[in-house]
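A.B. asks: Protein chains in written order, with my numbering: chain A, 356 to 649; chain B, 190 to 444.
Because the hints were derived from the structure by calculation, they are not lab data. All values derive from a computational prediction rather than experimental measurement. Backbone N, C-alpha and C fix where the C-beta goes; we use that ideal spot for every residue, glycine too. Certain hints may be false.
Stated by the list, open to error - Residues from chain B that keep clear of chain A, each with C-beta distances beyond 12 Å, as calculated:
hint, residue
1, P207
2, A241
3, I276
4, Y401
Claimed, not checked - If you only want the chain B side, here are some residues facing chain A, beta carbon under 7 Å, derived:
hint, residue
5, L203
6, V305
7, G389
8, L391
9, P392
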Amino acid sequence: MSISPAAGIGARRPPVRGSAEAEARAARARRLGARTIALGYLALLLLAPVAMIFYRTFEHGLGPVWSAVTAPNAQRAFWLSLEVVAIAVPLNTIFGVGMALLLERGRFRGKWILGVLIDLPFAISPVVVGLALVLVYGKTGWFGDWLAENGIQVIFSMPGMVLATAVVSLPFVARETVPVLHELGTDSEQAAATLGASSWQTFWRVTLPGIRWGVVYGVVLTTARALGEFGAVSIVSGRIEGQTQTLPLYVQDRFENFDSTGAYAAAVVLALLALATLLAMTLLTRRAHRKAGT
Amino acid sequence: MVGKGLLGIYLTALVLLPIAALLSKASSGGTSAFWREITSPEALAAIKLTLAASAIVVVINAIFGTVIAWVLVRDEFPGKNFVNALIDLPFALPTIVAGLVLLSLYGKGSPVGINVAFTRAAVGLALLFVTLPFVVRSVQPVLLELDVSMEEAAASLGARPLTVLRRVVLPSLAPAIISGVALSFARALGEFGSLVLITGNLPFKTEVGSVYIFGQIQNESLPTAAAVSVALLFVALLVLGVLQFASRRQSRHVL
Chain A
356 MSISPAAGIG ARRPPVRGSA EAEARAARAR RLGARTIALG YLALLLLAPV
406 AMIFYRTFEH GLGPVWSAVT APNAQRAFWL SLEVVAIAVP LNTIFGVGMA
456 LLLERGRFRG KWILGVLIDL PFAISPVVVG LALVLVYGKT GWFGDWLAEN
506 GIQVIFSMPG MVLATAVVSL PFVARETVPV LHELGTDSEQ AAATLGASSW
556 QTFWRVTLPG IRWGVVYGVV LTTARALGEF GAVSIVSGRI EGQTQTLPLY
606 VQDRFENFDS TGAYAAAVVL ALLALATLLA MTLLTRRAHR KAGT
Chain B
190 MVGKGLLGIY LTALVLLPIA ALLSKASSGG TSAFWREITS PEALAAIKLT
240 LAASAIVVVI NAIFGTVIAW VLVRDEFPGK NFVNALIDLP FALPTIVAGL
290 VLLSLYGKGS PVGINVAFTR AAVGLALLFV TLPFVVRSVQ PVLLELDVSM
340 EEAAASLGAR PLTVLRRVVL PSLAPAIISG VALSFARALG EFGSLVLITG
390 NLPFKTEVGS VYIFGQIQNE SLPTAAAVSV ALLFVALLVL GVLQFASRRQ
440 SRHVL
């Protein structure tokens with residue numbers, strides 16, 4: 356006869372009446388212990404270093420920071436970053452929603468391949484993304500001769516940087532939109548179609564309003580990733596100062612040229628943008644929870 | 190139809206062709222050349238360091254990530270919402286900034302007297318920073334759904350807290366921990382930006398796979414770079430595939 360695990364435990368240590376208070380005290384101690392470990396770890400790994408960079412940046416007052424962020428090359432890097440983001444993010448938003456629709460609503464053979472292709476950029480190192488793009492669009496790459504003949508430069512210029520940024524931030528919108536599409540279901544879309552709406556009208560009036568918060572959340576993540584991309588852009592841009600240098604590349608450049616004020620100031624600008632992203636993410640999830648609650 | 194075609198072109202241009210070009214470049218010299226590239230002393234040292242550092246980092250992540258998730262779900266304390274939001278910071282922060290942030294506290298002239306710059310500890314520290322959210326964010330929702338009455342039942346039958354943890358809580362969390370670990374591992378294998386400033390990229394000492402690949406690209410040794418890239422990509426996909434398979438089996442087992 357086998358003894359059930361619960362009986363085994365009970366036999367070893369029968370519950371003692373009257374020790375309830377001691378047990379509650381022990382439970383409280385365990386909870387406090389876990390809290391101390393968790394918060395201590397986060398403080399040492401996240402909070403203290405981030406606080407430190409703000410301290411180091413503003414250590415000598417606001418003046419040096421201001422002149423560092425308004426330096427011509429810093430300004431150029433900042434605007435270039437925004438330009439890349441302004442092209443890559445809308446592209447990934449439109450195609451991301453399209454891919455999500457295809458993944459969730461489409462019926463065709465080999466759909467799993469589409470899923471794998473969309474997720475692949477998350478499994479690839481940014482450096483490898485950069486290399487793979489060079490191998491296709493670079494001077495010695497597959498399309499190198501054709502691009503050169505037609506006077507199109509991709510690598511070491513803007514199109515390459517947009518490509519690299521788009522690849523690394525590709526999965527976010529699709530990944531955030533698929534679950535909300537699933538939740539939305541097809542009932543209201545079918546109703547709209549029955550009432551004579553064209554598929555385009557159904558998409559704009561029914562589907563898109565239903566999935567908009569998922570899409571927005573995906574866009575926030577895409578923007579954060581695109582703005583901070585370093586490895587892939589570092590390879591395809593050639594890091595030409597004042598020309599193909601985005602803000603993250605500028606941080607590295609300043610640091611390696613022993614201009615720590617410049618590096619810290621640019622890093623703090625990026626960190627503030629990251630904190631804004633974080634705030635947007637928190638507000639959006641809270642909104643989603645509220646919607647789910649009602 | 191037009192939409193599907195455009196989508197196909199977009200994915201082909203961004204993902205399919207580049208991956209195909211990478212595989213083709215890596216295999217251009219045949220198997221023996223590929224093997225030679227990835228077993229050259231410097232490449233091998235970089236790959237080994239990447240694998241070892243990633244393995245250590247995910248074990249630490251599994252432990253601390255689970256504790257953090259537990260505290261965020263089961264504990265109540267002032268500022269909990271702030272801490273919860275903070276977890277995503279490594280995802281939002283550009284990787285180059287992450288490296289600089291760590292360097293400002295644990296680098297040269299550290300106010301706490303710890304200087305890990307240009308050491309292997311720096312590799313681990315940077316990887317811990319960028320992979321922090323994965324385990325926390327995959328365990329948290331499962332813990333939220335977990336029925337407390339199971340634990341209470343076990344406890345009322347006389348199970349010690351450690352027994353409850355080992356036999357009731359952890360088995361339910363295992364698939365989530367595993368999937369967080371797999372994502373962390375894949376991310377750690379390819380991490381680049383956060384390591385550039387803090388590790389010094391010293392060959393045979395702090396040079397990881399992605400940094401080695403970067404150096405080879407700068408030297409225009411594209412076949413070498415492609416070979417090591419494919420090796421790392423293969424490991425990442427293998428880990429993600431195997432662990433997905435394992436977690437699917439596990440969840441079927443539970444059901």
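A.B. asks: Determine for every hint whether it applies to the structure shown.
C.D. replies: Results of checking the hints against the structure:
no.: 1; hint: P207; in the structure: violated (3 Å)
no.: 2; hint: A241; in the structure: holds (17 Å)
no.: 3; hint: I276; in the structure: violated (8 Å)
no.: 4; hint: Y401; in the structure: violated (9 Å)
no.: 5; hint: L203; in the structure: holds (5 Å)
no.: 6; hint: V305; in the structure: violated (12 Å)
no.: 7; hint: G389; in the structure: violated (11 Å)
no.: 8; hint: L391; in the structure: violated (15 Å)
no.: 9; hint: P392; in the structure: violated (16 Å)
Violated hints, in rising order: 1, 3, 4, 6, 7, 8 and 9; the structure is consistent with all others.
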